[in-house]
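From first to last, the protein sequence lines stand for chains A and B.
The numbering used here puts the last residue of the first sequence at 1782; the count rises by one with no breaks.
The numbering used here puts the last residue of the second sequence at 522; the count rises by one with no breaks.
I should point out that these hints are in silico values taken from the structure, not numbers from a laboratory.
Any given hint might turn out to be false.
Dumping the calculated BS3-like pairs for lysine-lysine here, alpha-carbon to alpha-carbon at most 30 Å [to be verified]:
(1) 360(B) x 1399(A)
(2) 1543(A) x 502(B)
(3) 502(B) x 1541(A)
(4) 1399(A) x 367(B)
(5) 431(B) x 1477(A)
(6) 462(B) x 1477(A)
(7) 1437(A) x 502(B)
(8) 495(B) x 1541(A)
(9) 447(B) x 1437(A)
(10) 360(B) x 1437(A)
(11) 1709(A) x 1671(A)
(12) 339(B) x 1437(A)
Source: prediction; values computed, not measured.
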Amino acid sequence: MKQLIWMALTAVLAVAAFADDVAMFRGGPAHPGVTSDQAPREFHRVKWKFPTGGRIYSSPVTANGLIYFGGDDSNVYAVDAETGVQKWMTTTGGPVNSTPAVVDGNLYVVSFDGRLYCLDALTGDIKWKFATEGERRFEAKGIHGFKPRNQTFPDLFDTFLSSPAVVDGVVYFGCGDGNIYAVNGSDGELKWKFKTNDVVHSSPAVAGGIVYAGSWDSYFYAIDAATGALKWKFQGGEDPVIHNQVGFQSSPTVKDGIVYTGCRDSNLYALDALTGKEVFRSNNQGSWVIVTPAVVGDTLLYGTSDSRVVRAMDAKTGKDKYLEKAQGFIFSSPTVAGDVIVHGTFAGTLEARDLATGKLLWSFRTDGAKQNPFWALTPTGDMNTQFVFNTQYFYLEATVKEFAPGVVFSTPLVSKGVVYFGSTDGNMYAID
Amino acid sequence: MMHMNLMILFALATVHPQDSVDGRYEGVIHMPMIDQRVILDIDHGPKGEARGSIILPGLNVKGESATKVTIDGDKIHCEFAGIYGGVEVNATLANSGLDAEFKQAGNVAPFHLDRIGAAQVDLSKSLIPLPDDLIGTWKGDYTADFTRHLTLVLKNEGGLPVAEVTVVGKRVTKVPVDHVEGAGGYLVIKASPFGMTIEGPHKKGADEIKLTISYAGLEIPFTVRREKGK
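Full structure from sequences and hints, please.
Below you can see the structure in the form of structure tokens.
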């Protein structure tokens, strides 16, 4: 009997260890965003902070006692999880606004130089690079109402690159060239590519032999993981005038036969994973849903941009459970760690909330938010539009100012009671 | 006994400056319109040589290795030639940190750096010698409109990696290489004035390397083979 209990215990521990070892965006190829690790219910201290040369949009993952992430200073970093001391740094040819995946000793990450990199996870040495047809941001004439109306602008809110999902030795990722790629993890050989009609910066979710990803062409796609053949596609909203309410920037989550994805058209869609038939939609009156949703038990969680709410609902019906106001726009996906939700905001805060009620437990302000350069934020965390968008022809200036105050785009990682996240102030933070 | 004491005193005198200087320093330069954070790391290598690197958050400068570091008593001088315009930091140990002057592209600003912990000096891979199996002459052809012959001479000089690249097409071009790294199984050669990069993985002991040459938006794969006897 003792032996049976021990075997059962070992099996449970092995499963738990495996779950914690999936070093990938949102904790695995289906993007669960849920960990059994408990996030602190009270803020205690900054355990360490690690400075980089640029902003951080990438999300941290952990393996081998290291924290891995990318920086828009073109570097991929491995930092000791305990001390915050750099183990290695490898430079790519462009900003690394993608989250690494670490599998079988290899690290896979996408750079704005249009390449998928495979690095040795322990040394950072480059093993191979796979060249796509080239990265680019989503762009459109007069996007978001920018002037002049006939000028084509890259979308300043298209901040993330697609993060690789790795299943059975195959690396799946999207690209600004409009393709969704499947590449052999061992040698970087192309397995297949699937063409959409615009930028794919959504990170593919893979479950049940199907790859799910959205495109800025307004469609959400389900593709056979083995062949690259289309299974089904679903169309979100369109916005041919200012291109503000169009495109799947969000990355999907797959749970219990339903695929959940946010959309720039301000809906959160729940779709049947096998057929693409709409199960329900949750509308947010113009507010984008950029984040990747999390599903814990029967609860679906996500955050919104302009209305800046954390929203919890029944995962099968879409019936609201609670809506709680955050301190800023939310691009950072919610991580559920034990009975706590953690997420970042545009106001430069990392917020911890009670899972059951959504109420704020504690909030941490980044160095950049405390400094508040250009007075880009109001004391309540709103964007200070007078100082950020202070001319009608504001595109470049706004880009610099809006992202300066320590914005947290990065999705938090919770491991061994420590919360890790990056900020546009250039720091990777570890707090507990 | 006196001789012994003198030796100990001498040892203390030589060790002390290192101990007092090595560390991570952080400060802010008040430039017009913006406060620029600076993180400076200084330590000493295994042969006692002074080393340094710098981080300029927001300017995409992370762990730029110092091309020159001199320490004279409480005075420190660091140069970072790899940063556009060249950066120099002249500093004096003071007030639990450094009173310093920052120079870049002809602009000068005084600032103070606080000592915040142990040094974490970044050493560029371009400072690591090439492995023995890369040393030698390699030749290969690539085609862009017409076929060009490329000769690559790899060697170490003064413990630093060096690459000489010659391209023979309609004329002979000696490529102005300014960055070489080959440690870790991946060769990277850059010629910034040409916007050219030659790179690829190399296998230990192999007599050929599959490379990609990138310039002017082109990416051309080609193979170089070791010239026999070289």
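Checked hints:
| no. | hint | in the structure |
| --- | --- | --- |
| 1 | 360(B) x 1399(A) | holds, 28 Å |
| 2 | 1543(A) x 502(B) | holds, 24 Å |
| 3 | 502(B) x 1541(A) | holds, 21 Å |
| 4 | 1399(A) x 367(B) | holds, 29 Å |
| 5 | 431(B) x 1477(A) | holds, 23 Å |
| 6 | 462(B) x 1477(A) | violated, 35 Å |
| 7 | 1437(A) x 502(B) | holds, 29 Å |
| 8 | 495(B) x 1541(A) | holds, 24 Å |
| 9 | 447(B) x 1437(A) | holds, 28 Å |
| 10 | 360(B) x 1437(A) | holds, 24 Å |
| 11 | 1709(A) x 1671(A) | holds, 12 Å |
| 12 | 339(B) x 1437(A) | holds, 22 Å |
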